[in-house]
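Undergrad: Residue numbers (my numbering), protein chains in the order written: chain A, 1 to 380; chain D, 381 to 483; chain E, 484 to 658.
Quick caveat, the hints were computed from the structure, so don't treat them as lab data. Fair warning: this is a prediction, and the values are worked out from it, not measured in the lab. Glycine is no exception: its CB is placed at the ideal position from the N, C-alpha and C atoms. Careful, some of the hints might be misleading.
[As the list claims (entries may be wrong)] A short, non-exhaustive set of chain E residues, derived as facing chain A with CB atoms under 7 Å:
hint	residue
1	V545
2	L557
3	I612
4	L615
[What the hints assert, rightly or not] Looking from chain E toward chain A, a few residues come up when the C-beta cut is under 7 Å (computed):
hint	residue
5	G550
6	I642
7	T645
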Amino acid sequence: MPVGPLGLDPLFWAPLRLIIAVALALFLVLNGALLQIYLERKIQAIIQDRLGPYHVGPFGLLQTFADAIKLIAKEDVRARATDPWFFLAAPALVFCPMLASWVVLPFAQDIVGVDLNIGLLYLTTLGSMTVLGIVIAGWASNNKYALVGGLRSAGQLISYEIPQILALVSVALVVGSLSMIDITRSQAGPLVNVFVLPFSFLIYFIAALAETNRTPFDLPEAESELVAGWLTEYSGMRWGTMLALSEYGNVTVVSSIVTTLWFGGWQGPGVDAIPLLGVLWFTLKVYGVIVVMMWIRATLPRLRIDQLMTFCWLGLIPLALLNIMVVAVLALAFPDTKIPIALASWLLVIAFIAGVPFVQRRRLALLRARASASAVRAAS
Amino acid sequence: MTVPLGAYIAVSAGLFFIGCAGVLVRRNAVVILMCVELMLNAANLALVAFSRRFGAVDQRGSVFVIFVFVIAAAEVAVGLAIVLSAYRNRPVIDVDEIHQMKG
Amino acid sequence: MSFDFVEPVVFAVLAFGVIGAGAAVVLLDRITASALLMALTFLCMAGMFVLLGAETIAAFQVLIYVGAITVLILFGVQFTKQGGDRSYALFFQKQYPLAAALVAAVAIPVALFAFSFTAPAPPPGGGDIRPLATSVFTDYAFAFEVASVLLLAAMVGAIVLTTRDERAEAARRRK
Numbered sequence: 001m002p003v004g005p006l007g008l009d010p011l012f013w014a015p016l017r018l019i020i021a022v023a024l025a026l027f028l029v030l031n032g033a034l035l036q037i038y039l040e041r042k043i044q045a046i047i048q049d050r051l052g053p054y055h056v057g058p059f060g061l062l063q064t065f066a067d068a069i070k071l072i073a074k075e076d077v078r079a080r081a082t083d084p085w086f087f088l089a090a091p092a093l094v095f096c097p098m099l100a101s102w103v104v105l106p107f108a109q110d111i112v113g114v115d116l117n118i119g120l121l122y123l124t125t126l127g128s129m130t131v132l133g134i135v136i137a138g139w140a141s142n143n144k145y146a147l148v149g150g151l152r153s154a155g156q157l158i159s160y161e162i163p164q165i166l167a168l169v170s171v172a173l174v175v176g177s178l179s180m181i182d183i184t185r186s187q188a189g190p191l192v193n194v195f196v197l198p199f200s201f202l203i204y205f206i207a208a209l210a211e212t213n214r215t216p217f218d219l220p221e222a223e224s225e226l227v228a229g230w231l232t233e234y235s236g237m238r239w240g241t242m243l244a245l246s247e248y249g250n251v252t253v254v255s256s257i258v259t260t261l262w263f264g265g266w267q268g269p270g271v272d273a274i275p276l277l278g279v280l281w282f283t284l285k286v287y288g289v290i291v292v293m294m295w296i297r298a299t300l301p302r303l304r305i306d307q308l309m310t311f312c313w314l315g316l317i318p319l320a321l322l323n324i325m326v327v328a329v330l331a332l333a334f335p336d337t338k339i340p341i342a343l344a345s346w347l348l349v350i351a352f353i354a355g356v357p358f359v360q361r362r363r364l365a366l367l368r369a370r371a372s373a374s375a376v377r378a379a380s
Numbered sequence: 381m382t383v384p385l386g387a388y389i390a391v392s393a394g395l396f397f398i399g400c401a402g403v404l405v406r407r408n409a410v411v412i413l414m415c416v417e418l419m420l421n422a423a424n425l426a427l428v429a430f431s432r433r434f435g436a437v438d439q440r441g442s443v444f445v446i447f448v449f450v451i452a453a454a455e456v457a458v459g460l461a462i463v464l465s466a467y468r469n470r471p472v473i474d475v476d477e478i479h480q481m482k483g
Numbered sequence: 484m485s486f487d488f489v490e491p492v493v494f495a496v497l498a499f500g501v502i503g504a505g506a507a508v509v510l511l512d513r514i515t516a517s518a519l520l521m522a523l524t525f526l527c528m529a530g531m532f533v534l535l536g537a538e539t540i541a542a543f544q545v546l547i548y549v550g551a552i553t554v555l556i557l558f559g560v561q562f563t564k565q566g567g568d569r570s571y572a573l574f575f576q577k578q579y580p581l582a583a584a585l586v587a588a589v590a591i592p593v594a595l596f597a598f599s600f601t602a603p604a605p606p607p608g609g610g611d612i613r614p615l616a617t618s619v620f621t622d623y624a625f626a627f628e629v630a631s632v633l634l635l636a637a638m639v640g641a642i643v644l645t646t647r648d649e650r651a652e653a654a655r656r657r658k
């Protein structure tokens, strides 16, 4: 049992360490959400050729802080017929798995909560627990729009878990371990995994956008659809917990996974000399990915629920399965080098990007043929 | 003092009998499915406990648990499909009412 | 001061959670409460797996049971109209003491027999994922393939069972 600093008795140090870790994770989640809400509004504003928040504080930096105070001070409106226990439990069910994921994220060489040897599996497991909270939230609101929104969101989340996990499995095949620290260490120097497995990166990125309910997959929580979907009855800080904290926390966790697996994690120039510099590189890379996600949000329109599900089951999952098969076969055939895998992966990426216009053109022709046929049938 | 193997088996037996009682007593089809899941979980606990006890010589317990997971998931999916399909015919969920094959 | 008391205390809490939530699943009237307490049973069970040193199996337990099966059961609950079901009334029937005696006659010797096992040697470090993966993919690869075919069959079967035949229903409604 480890002795605490200043020779603190292990009996006190062990639970104290746990409390400090939870408090630190909570602190990071809260501040991260604060920063990301501000970033989101500023980036959307810049892309949409307007200013964004600029009143409160220099460059509007304190805007989110003011919003948080407003949310906390809001009245707790609750419909009479909502189920009291479940209504209160749903934000916790959505928030806690996200908080628990922070324990395996590797911020620097020795700065990681726990180096679990099943780190990646642990993260996917926690990602699948959020679905339960959303279904309960939709059901407990006693509101048919919330119920349908919750079921839709649950369907979307469980569908997109599959390509997400398959993409992570392909990386684990190449690296040979599920531990986050091992995966980071396996990417020596500038040859990070994005050059070896870009197709997995693409699949995981798209699936992760859907898992965190980001545009273009944010149908369940969009304000113009189904009122506000499963969040309809939640207001004030409950909404703040469910939406802002959980969603941006999830976005940070997912970006951390992307950074660790495909961009080398905490590695960067000068890390060997000053280990603490790893935290800086990790944070910069994570926020780089987050900014790309926000850029996508400001640019792309929303997918309808049936388009979303069709894209997952008929598009992403076959591609993810093909990816795993190719990576597994090549990893077994050429166990020493990563070059065949890299070649095959880049070929798949190019085929995917070049093939999308053809597929879309064919589907459009099919839809037009079907529409004209039904119009002819209706007219006759 | 580490927890003895018998304690895990006692918990597993207790959960198994609770699930069994639930299957026999409850009349709601979905609750019966839930109690079957409880029984499968109890079996998993017993398997993992024994696998840990004899782990140096025999890993088969843990491997079997993986297959039990697979089969339990498949069984819940098909069971719920059957329940929903029967519900579409006659909107009752009480298994005492759905006891005839015809009509 | 050693930490030896932690493992039995954690085991006691988890055992209480498992048995208590299991009993609540059977006894409660409200089916959504039953479903959520079943999820709690699964979570406490995962905790027990971690206590036994099988953390991969614990992760699979949460992933499959809490993440998928509980959601499936909740979907099933919401697509059907649940009437009242006074479950506990059926416990007070005259066969009940006989059934309880039979259960005790089987359960108590089993538990006592299990208590007769001596304490095991501590398992080797490195977690349980490597031995598990090696066993599943080399010794039991055939069973693994058969399990995948079973899942495929279950998936296809569930879809076929619940697909509505639009034309047949429209025809039936017109009649």
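Undergrad: If a hint holds in the structure, say so; if it doesn't, say that too.
TA: Here is how each hint holds up against the structure:
For E:V545, the suggested interface contact is upheld, since its CB lies about 5 Å from the closest CB of chain A, less than 7 Å. This hint holds: E:L557 has a C-beta 5 Å from the nearest C-beta of chain A, less than the 7 Å allowed. For E:I612, the interface hint holds, since its Cβ comes within 7 Å of a Cβ in chain A; the closest pair sits about 6 Å apart. With 7 Å as the threshold, the beta carbon of E:L615 stays out of range of chain A, its nearest partner Cβ sitting at about 10 Å, so the hint is violated.
Using the Cβ-Cβ criterion of 7 Å, the hint placing E:G550 at the interface with chain A is satisfied: the shortest such distance is roughly 3 Å. With 7 Å as the threshold, the beta carbon of E:I642 stays out of range of chain A, its nearest partner Cβ sitting at about 11 Å, so the hint is violated. The interface hint given for E:T645 is violated, since its Cβ lies 14 Å from the closest Cβ of chain A, which is over the 7 Å cut-off.
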